[in-house]
Amino acid sequence: MQFTSMILSNAEVSPGYWRMRMTAPPEFASAAPGQFVMVRVNGAIDPLLRRPFGVFDVGVHIPAQSGAMTQPYFEMLYRVVGKGTAMLSTLHKTDLLDILGPLGKGFDLGADDEEKLIVGGGVGLAPLYLLAKELVKKSPVRLFAGGRTRDDVLCITEFERLGVECYTATEDGSLGECGLVTEALLRRLDALDGKATIYACGPHGMLNAVANIAAERGISCQVSLEGYMACGVGACLGCVAPGHKHSPETPDFRCVCTEGPVFESGELKWRD
Amino acid sequence: MKPDMTVNLAGMQLRNPVMTASGTFGYGEEFAEYVDLEKIGAFVTKGLSLKPRAGNPTPRIVETPGGMLNAIGLQNVGIDAFIQKKVPFLQSVNTPAIANFFGNTIDEYAELAGRLDQIPEVAGLEVNISCPNVKQGGIVFGTDPECAASVVKACRAVTSKPLIVKLSPNVTDVVAMAKACEDAGADCLSLINTLTGMAIDLNRRRPVLANITGGFSGPAIKPVALRMVWQVAKAVKVPIIGIGGIMNATDALEFILAGATAIQVGTASFINPGAAQQIAVEMEAWLVENGVDDIKSLIGALET
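Going down the list, the protein sequences come from chains A and B.
Under our numbering, the residues of the first sequence are numbered 1 to 272, in order.
Under our numbering, the residues of the second sequence are numbered 273 to 576, in order.
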């Protein structure tokens with residue numbers, strides 16, 4: 001669906017990372033974890049294209065005064081990387097944005113009787129919070145959050161409040177373990193007694209490592225991809241990712257915006 | 273009074289002059305949630321080839337000031353899957369659906385034209401002789417008047433449906449191309465396709481697109497498109513569809529003044545999936561405000 005949304009708050013939660021809360025129509029409450037929105041930053045032609053963002057959270061704001069209307073909202077967590085996101089970060093409460101969404105195929109919540117292992121890198125945590133919120137209702141959930149520095153590890157307290165057990169790792173050791181977050185994931189998998197599903201979103205290198213770990217150990221794994229896209233609705237075909245059968249001779253592309261952004265990791269092509 | 277928005281495009285009666293451009297509107301169905309397809313004049317499907325095509329590696333698109341470059345590589349489901357999976361939807365919509373297609377050889381063009389001719393749900397054909405990304409096909413046929421004429425003749429021989437030829441702007445003399453296609457039997461000309469362009473990532477010292485070059489579209493190309501439509505309109509008798517950076521009703525009406533009978537909305541549908549319908553509504557409002565009772569009176573009405 002397409003709607004005009006009013007910004008309720010837009011704040012920098014860590015250097016370079018912003019969290020925005022915006023009004024949504026009531027139907028938006030049914031957004032699945034892993035779905036995304038396409039945001040038109042302004043009505044002019046620069047930037048021209050919409051920008052895709054994962055849905056961080058959905059909820060309903062209940063005003064303090066009694067009798068006031070409740071307001072459904074959604075949140076995005078974004079990193080300022082270019083002109084579009086820089087402009088977004090300058091917007092204020094009551095500014096309006098044109099939104100398309102929720103779009104795409106989200107995470108499959110899977111079976112209840114297994115451990116859920118969520119792996120996020122940097123702003124890749126964005127679509128994983130709503131996922132964790134759903135998963136904790138029925139299963140034990142652990143989060144493995146990584147980043148280059150402590151500034152890149154976001155919103156851990158929010159996950160902890162859900163009852164998620166959180167492990168953090170940074171490449172410079174400024175928060176949690178020094179190194180890659182996949183180390184902690186591997187240790188948990190070694191200790192695991194019973195079944196598990198991995199859910200991951202983050203830099204491609206991290207996803208590649210996680211997908212390989214899952215494949216080696218025969219664990220089901222879903223990854224959420226980013227794609228450079230113009231439309232978000234399957235028309236431009238800009239955002240494709242190579243499928244598992246892909247080779248230059250036999251191309252096999254999957255459309256990130258409509259077939260994804262969440263894929264079973266086995267559906268995609270990874271480096272060994 | 274409600275103005276008359278209908279136009280006749282090579283025998284197809286359109287309720288208004290607003291069409292969607294190939295490659296920006298999927299096969300129609302993808303946009304049904306955002307556009308009332310029965311409020312636009314016609315829609316053009318993604319370019320079809322005989323065999324399915326997977327397209328180019330990524331990155332395939334990049335934004336540039338006022339526009340975007342794409343090198344999708346003509347990814348499409350192929351004619352067989354089109355007939356099986358996409359045509360049933362076309363039947364459900366009371367709006368002319370035009371099939372865009374391309375081949376690597378003249379025989380392929382003719383085979384596709386012949387097969388599309390047999391599909392009752394396809395109201396007209398648009399021949400892509402101008403895609404800049406496929407060396408064997410587009411660039412050769414679309415930039416040489418004789419080659420273009422051979423393609424058009426071969427397609428003309430096997431179809432009685434309205435035959436639209438989509439022209440490339442990447443030529444020295446677009447009028448020569450237009451005349452060659454008209455003489456070879458085209459019922460209508462659509463222009464312009466994308467301009468060949470390129471973007472560079474300075475820090476990586478590499479081209480941004482995996483294909484290195486791509487097709488440039490969006491509001492930045494409108495002046496080039498207007499100029500070409502105006503030049504071609506003066507030189508040919510067949511109707512013209514104006515394409516190139518149309519974002520709103522003002523842009524669309526400018527193309528009509530320049531000589532276009534209809535227009536196609538392309539990149540704008542990426543930004544606003546409802547753009548085509550909105551443009552049709554706004555065009556009608558402009559006619560009302562300006563006391564114009566028939567859109568046809570504006571075709572080529574530019575005063576110079």
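Calculated directly from the structure, the hints in this document are not laboratory data.
None of the values given here were measured: they were computed from a predicted structure.
Keep in mind that the hints are not guaranteed to be accurate.
[Unchecked claim] Computed cross-link-like contacts, PhoX-like style, restricted to lysine-lysine with a CA-CA straight-line distance of at most 25 Å:
| hint | chain 1 | residue 1 | chain 2 | residue 2 |
| --- | --- | --- | --- | --- |
| 1 | A | Lys105 | B | Lys568 |
| 2 | B | Lys506 | B | Lys274 |
| 3 | A | Lys137 | A | Lys245 |
| 4 | A | Lys105 | A | Lys133 |
| 5 | B | Lys323 | B | Lys425 |
| 6 | B | Lys323 | A | Lys269 |
| 7 | B | Lys357 | A | Lys245 |
| 8 | A | Lys245 | B | Lys425 |
| 9 | B | Lys323 | B | Lys357 |
Verification of the supplied hints:
1. Between lysine 105 (chain A) and lysine 568 (chain B) the alpha-carbon distance is near 45 Å, which puts this suggested pair outside the 25 Å criterion.
2. The hinted pair formed by lysine 506 (chain B) and lysine 274 (chain B) fails the criterion: a straight-line CA distance of about 30 Å is larger than 25 Å.
3. Distance check on the hinted pair: lysine 137 (chain A) and lysine 245 (chain A) sit about 36 Å apart at the alpha-carbon level, beyond 25 Å; violated.
4. The suggested pairing of lysine 105 (chain A) with lysine 133 (chain A) holds, with an alpha-carbon distance near 18 Å, which does not exceed 25 Å.
5. Under the criterion of a C-alpha separation no larger than 25 Å, the hint pairing lysine 323 (chain B) with lysine 425 (chain B) is consistent with the structure, at around 22 Å.
6. Restraint check for lysine 323 (chain B) and lysine 269 (chain A): satisfied, since their Cα atoms lie roughly 23 Å apart, inside the 25 Å limit.
7. With a C-alpha separation of about 23 Å, the suggested pairing of lysine 357 (chain B) with lysine 245 (chain A) holds against the 25 Å cut-off.
8. Between lysine 245 (chain A) and lysine 425 (chain B) the alpha-carbon distance is near 40 Å, which puts this suggested pair outside the 25 Å criterion.
9. The hinted pair formed by lysine 323 (chain B) and lysine 357 (chain B) meets the criterion: a straight-line CA distance of about 15 Å does not exceed 25 Å.
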